[in-house]
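Protein chains: 2
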Amino acid sequence: MALSEVDRLIQLLARLPGLGPRSARRAVLHLIKRREALLDPLARAMADVAVSIRTCSTCGNIDTVDPCAICRDEKRDRSVICVVEDVADLWAIERTSSYPGQYHVLGGTLSALDGVGPEDLRIDRLVGRTSAAEVSEVILATNATVEGQTTAHYISDRLAGTGVTVSRLAHGVPVGGELDYLDDGTLTAALKSRRRLGATE
Amino acid sequence: MALSEVDRLIQLLARLPGLGPRSARRAVLHLIKRREALLDPLARAMADVAVSIRTCSTCGNIDTVDPCAICRDEKRDRSVICVVEDVADLWAIERTSSYPGQYHVLGGTLSALDGVGPEDLRIDRLVGRTSAAEVSEVILATNATVEGQTTAHYISDRLAGTGVTVSRLAHGVPVGGELDYLDDGTLTAALKSRRRLGATE
Numbered sequence: 001m002a003l004s005e006v007d008r009l010i011q012l013l014a015r016l017p018g019l020g021p022r023s024a025r026r027a028v029l030h031l032i033k034r035r036e037a038l039l040d041p042l043a044r045a046m047a048d049v050a051v052s053i054r055t056c057s058t059c060g061n062i063d064t065v066d067p068c069a070i071c072r073d074e075k076r077d078r079s080v081i082c083v084v085e086d087v088a089d090l091w092a093i094e095r096t097s098s099y100p101g102q103y104h105v106l107g108g109t110l111s112a113l114d115g116v117g118p119e120d121l122r123i124d125r126l127v128g129r130t131s132a133a134e135v136s137e138v139i140l141a142t143n144a145t146v147e148g149q150t151t152a153h154y155i156s157d158r159l160a161g162t163g164v165t166v167s168r169l170a171h172g173v174p175v176g177g178e179l180d181y182l183d184d185g186t187l188t189a190a191l192k193s194r195r196r197l198g199a200t201e
Numbered sequence: 001m002a003l004s005e006v007d008r009l010i011q012l013l014a015r016l017p018g019l020g021p022r023s024a025r026r027a028v029l030h031l032i033k034r035r036e037a038l039l040d041p042l043a044r045a046m047a048d049v050a051v052s053i054r055t056c057s058t059c060g061n062i063d064t065v066d067p068c069a070i071c072r073d074e075k076r077d078r079s080v081i082c083v084v085e086d087v088a089d090l091w092a093i094e095r096t097s098s099y100p101g102q103y104h105v106l107g108g109t110l111s112a113l114d115g116v117g118p119e120d121l122r123i124d125r126l127v128g129r130t131s132a133a134e135v136s137e138v139i140l141a142t143n144a145t146v147e148g149q150t151t152a153h154y155i156s157d158r159l160a161g162t163g164v165t166v167s168r169l170a171h172g173v174p175v176g177g178e179l180d181y182l183d184d185g186t187l188t189a190a191l192k193s194r195r196r197l198g199a200t201e
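Just so you know, the protein sequences line up as chains F and C, in that order. Here the first sequence is numbered in the numbering used here, starting from 1 and rising by one per residue. Here the second sequence is numbered in the numbering used here, starting from 1 and rising by one per residue.
Simulated from the structure, these hints should not be mistaken for laboratory data. Hints may be right or wrong, so weigh each one.
Identical chains blur together in the list; that is why a pair holds if it fits in one copy or across any two.
[To be verified] With a straight-line cut-off of 20 Å between C-alpha atoms, the simulated EDC-like cross-links for lysine to aspartate or glutamate are: (1) 192 <-> 36; (2) 33 <-> 119; (3) 192 <-> 40; (4) 33 <-> 89; (5) 192 <-> 178; (6) 33 <-> 120.
Build out the structure end to end from the sequences listed, making use of the hints.
This is the structure we're talking about:
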């Protein structure tokens, strides 16, 4: 068929999360109308990323250099490692500009159902990193899901006895959140972890 | 910044309709994880489309050849031209496999607000095409919006006196539609255009 290039592009775009066949068609027409402004740059940006992107052999982050910019950055605190499931979580924490330490990207969570065991995640590498003298704390920032919690539990067991402090992100009321709309689990956790007013931050 | 290639890709993807910064980030991570299966083919498909796509000088459709495959197809009825606003509308009609004729893509609608006049659309070209002896009917399949209707009106005026039959898509109850959920305008149109049962299709 003559339109095969366009059809192929629609099919590929439809496989992106958040896009279906209908929105992929709209996106492709949008691209074709803006060939110079959008289609050409996008094709080039994708090719650039495909060629240049690599996984950091230290932390599992993605970057154009290995080790990644965060692992290379001399100004970042090398005594703390924040363990996240995915690069998206690393990006989310980086966007807060409130964490000065290192990261470790697991590449998923333990899942008996999906057959994901410890050997499928970057856990051995994490244990290896924590044995360095400079590391004093590991923050487990896996998601607050069953799999995330299970994975955090497993890692905390693995790190027991190494002398490294293992911590978890705090549970509680989201900033700006209304109690009435909060689930019971979060509210219970927020109550349990309540802090005395006037206590040191 | 070291991640600039990835950031640039996110920014470009976020400009697609239906994607925002958040879904663009997710899409890029999805792409990077599936480099061979998705990112490489997508980069190539975009480059292919950017190089090969052109607008049909006859009907305004997009294709890799000019005239487009529909205009070239000897098996299609050359006596009917279906006028649509956009290539997406042409695709929508083609998907029904129920229209055997030619198309004419206007490239938009008349709009005083946006400063779109008849000279900005492919209307002169349409009038030129209808002067061919073989053309007997023009179907105005512009959208049922104010702009679409205005444009249809204008074209029908332009074609008055040429001897070509000018028709509009029927208004009515969508197939599978429930009256209770239908807007008044559609229901009124469906009532006005009611057909006697047992009449010839």
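Checked hints:
no. : hint        : in the structure
1   : 192 <-> 36  : neither (57 Å within a copy, 48 Å between copies)
2   : 33 <-> 119  : between (47 Å within a copy, 19 Å between copies)
3   : 192 <-> 40  : neither (54 Å within a copy, 49 Å between copies)
4   : 33 <-> 89   : between (35 Å within a copy, 15 Å between copies)
5   : 192 <-> 178 : within (18 Å within a copy, 52 Å between copies)
6   : 33 <-> 120  : between (44 Å within a copy, 15 Å between copies)
Against the hints set out earlier in the document, violations occur for numbers 1 and 3.
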